[in-house]
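Going line by line, the protein sequences match chains A and B. Its first residue numbered 4, the first sequence is counted upward by one per residue in our numbering. Its first residue numbered 42, the second sequence is counted upward by one per residue in our numbering.
What you were told as hints is all true, and nothing was included just to trick you.
Short derived list, chain A residues pointing at chain B, Cβ under 7 angstroms:
1) 13
2) 22
3) 37
4) 49
5) 57
Calculated from the model, a selection of chain A residues having no Cβ within reach of chain B, i.e. all distances over 10 angstroms:
6) 7
7) 8
8) 69
No wet-lab data here; the hints were simulated from the structure. Note that the Cβ used here is the ideal one computed from N, Cα and C, for glycine as well.
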Amino acid sequence: MIIEHRHDLTWMMQVAIDIAALFIIAGLVLTTVRLIRGPTLPDRVVALDLLTMLLVAFLTLFALATGVNAYLDAAVVLALVAFLATVAFARFIDRSPQSKEDATK
Amino acid sequence: MTGVLEGVAAVLLVLGGFLAFAAALGLVRMQDVYIRMHASTKAGTLGVGLIVLSLVLVGGESSVVGKGLAIFAFIVLTAPIGAHLIGRSAYRCGIRPWSHRPSKEDSSR
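With the rest of the complex left out, here is chain A (with noise of 0.2 angstroms):
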């Protein structure tokens, strides 16, 4: 059980959450080892764009399982995060002068 559960889930949703949980977990891991390995600017930013997309599934995972509503409410202003920051990223590499020395590297 990774997640506590509230006790009027049937046992399908138990271990379908429990299934999901894991996967994301295991993609969070992978992401994040593409966030520090990523040879590029580039290839971090999206690697951060998947790592917020996971964790707002997550929230919603948690929202689901525990059925506190709060955590409903942090993934939706995660996702609205997201994409401005995702927008600042492109901007910021569009911008940057040294960035095209970096990026061949």
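Using the hints, position chain B against chain A.
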């Protein structure tokens, strides 16, 4: 009826989790930032979307359903735009798309 709904939601959860894992696996194993973006954006969007849809199915209260649909719509709308922006700026700052180059033994041809 609720039993059927919960079964569908459980299947959606497992499928969504698997797709999210596949997106992360593609991010690690692919060769190039453009191919990695292809894996992470498409599979990642569908994975998160399926998990949110399963919450919408069994959520019950209207506020939960509304927030779930809002997350789904927002992710489906913004993931292509973000991927497009990163891809364009990566291409502009000089990262060439990966192509299969022949190895040194083949280069004599």
